[in-house]
Amino acid sequence: MSNRSSKLGKIYIVIIFLLLYMPILYLIIYSFSKGTTMTNFRGFSLTHYGELFHDKRMLAIFLDTILIALLSSVFSTIIGTLGALGISNAKRERSRQTLLSLNNILLVSPDVIMGASFLIFFTSLKVPLGFWSVLLSHIAFEIPIVVLMVLPRLDEMSPSLINAATDLGATSGQVLSRVVLPFIQPGIIAGFFMAITYSLDDFAVTFFVTGNGFTTLSVEIYSRARQGISLEINALAGIMFVFSLILVIVYYFIENHNLVSRRKKDKLGVANQ
Amino acid sequence: MKKSFRAMFYTPYMMWLALFVIAPVGLIVYYSFFNISHQFTFDNYATFFRSGTYLTMTANSVLYAFLITLISLLISYPMALVISKLKHRDLWILLVILPTWINLLLKAYAFIGLLSHDGLVNNLFELVGLPAQHMLFTDTSFILVASYIQIPFMILPIYNSLTDISDSYIKASHDLGATNWQTLTKIIIPMTMPGIKSGVQIVFIPSLSLFMLSRLIGGNKIITLGTAVEEHFLTTMNWGMGSTIGVVLIISMVVVMLFTNTKRKRGRN
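Protein chains in written order, with the UniProt record's numbering: chain C, 1 to 273; chain H, 1 to 269.
In isolation and in its complexed conformation, chain C is listed as follows (with noise of 0.2 angstroms):
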């Protein structure tokens, strides 16, 4: 009984993996097609990509996408983790839940909510559409996943560590320096990551606050599919399934890294106690 029904679970789950991955795989077959249509494939061939990286304008939009996924990354972790910090510093349970709701705010709200109340907002401020309020909003939205990697590695963190450390006479600054940070920076790594996946998949926020001048990746697929097929997309679509290939690789490298020497390092731990 159990071994009939694992089986069909079994066949159950191929069946949905090959509908996860049909669409991606058809995309990708299709960028290697003689043809210009998704239907009838026509021999295998490279010219798409070739169009593609003869493109100016699409490659001058990746390098913008990549910019702008690589600042506001980096901005987005400086500022989350400091909030993080903070909110684990938060006296009080109330204020310290009062603060994860607000942070987790951005997180469930709706794409087109977001977008546009920061139209409203970048509008009623002056602040020109194009990149920089492109960056800030992308900033804004991966801050709350970054405060969410680092916070538990924070309250991981017994209190003795600090507690030492202040005894031994280390200055605030110098806790925060050799203990604190080097304690919660696989949390950081995880968000930084984070933070450069969310830049690269907003569609919807990047849409409204984009104004004309000014595309990233996701935008202009949008435009260019509304106008129908062009294998070119195919070609870029190839590319970029490569691109997340490796950072999901990259990703899970760090974590299983992290979590190795973490579990090493429990083992230090009970044996010191």
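Since the hints were derived computationally from the structure, they do not count as laboratory data. A portion of the hints provided could be inaccurate.
[What the hints assert, rightly or not] Computed cross-link-like contacts, BS3-like style, restricted to lysine-lysine with a CA-CA straight-line distance of at most 30 angstroms:
| hint | chain 1 | residue 1 | chain 2 | residue 2 |
| --- | --- | --- | --- | --- |
| 1 | C | K34 | C | K56 |
| 2 | H | K221 | H | K107 |
| 3 | C | K34 | H | K197 |
| 4 | H | K85 | C | K10 |
| 5 | C | K10 | H | K221 |
Got chain C; can you put chain H on it based on the hints?
Same frame as chain C, now just chain H:
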């Protein structure tokens, strides 16, 4: 730590909270009381609640989001259940996460090809002897594509709560003579309720506002709350009305969160 030193931590983060969390929500509420020529008015709300179009649209939007959530839940629960029992489950769950790292627009774009008149789905239909269907720009295709996009976000929280269940509960239930089905309905499903709730929350709220999907896959026929906000802000420039719909969207979000509140946080890893 000294006061001034601590204030240094707080300032940038607090400024972010004030400027990008509290101020924007306040501005949306504020703008919802102004008409297109910037006069204070309650007309937007009156229009919203009196005109049949807006109310039908809201009802439709909620219905779409409900169907998307239901379909993804029905597909995801067995999926999470099977994966949680596999030997290399970490690897399999990684395979579930991977598609979420692909840009949403690219996935939507893939479906324009897949569902088109000569696309793969119609080719498969012809193989089985069915006539080619007109699938793009219909309600069904919108709901299916949206569910496709949301499935991984539904699987993850359910999977996490499944792996939290200790094996001894399952063993105890079998020892006490429960069948597999009884164990599932009486033990496993109740114990994974927090996961189901946060999955519903993660899927339902964005589903109310997937305007890019309703534009690309639903043509311009499907108007959801999100599409309406986008249209009022970026096309007709009636920010007041757009904000009013935004306020409705915020209220529905709060309602959903009250119903599904658990301590779990949204996260993709």
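Hint check:
1. K34/C x K56/C: holds, 22 angstroms
2. K221/H x K107/H: holds, 20 angstroms
3. K34/C x K197/H: Violated, at roughly 47 angstroms.
4. K85/H x K10/C: holds, 10 angstroms
5. K10/C x K221/H: violated, 39 angstroms
Hint compliance for this structure: hints 3, 5 are not met, and every other hint is.
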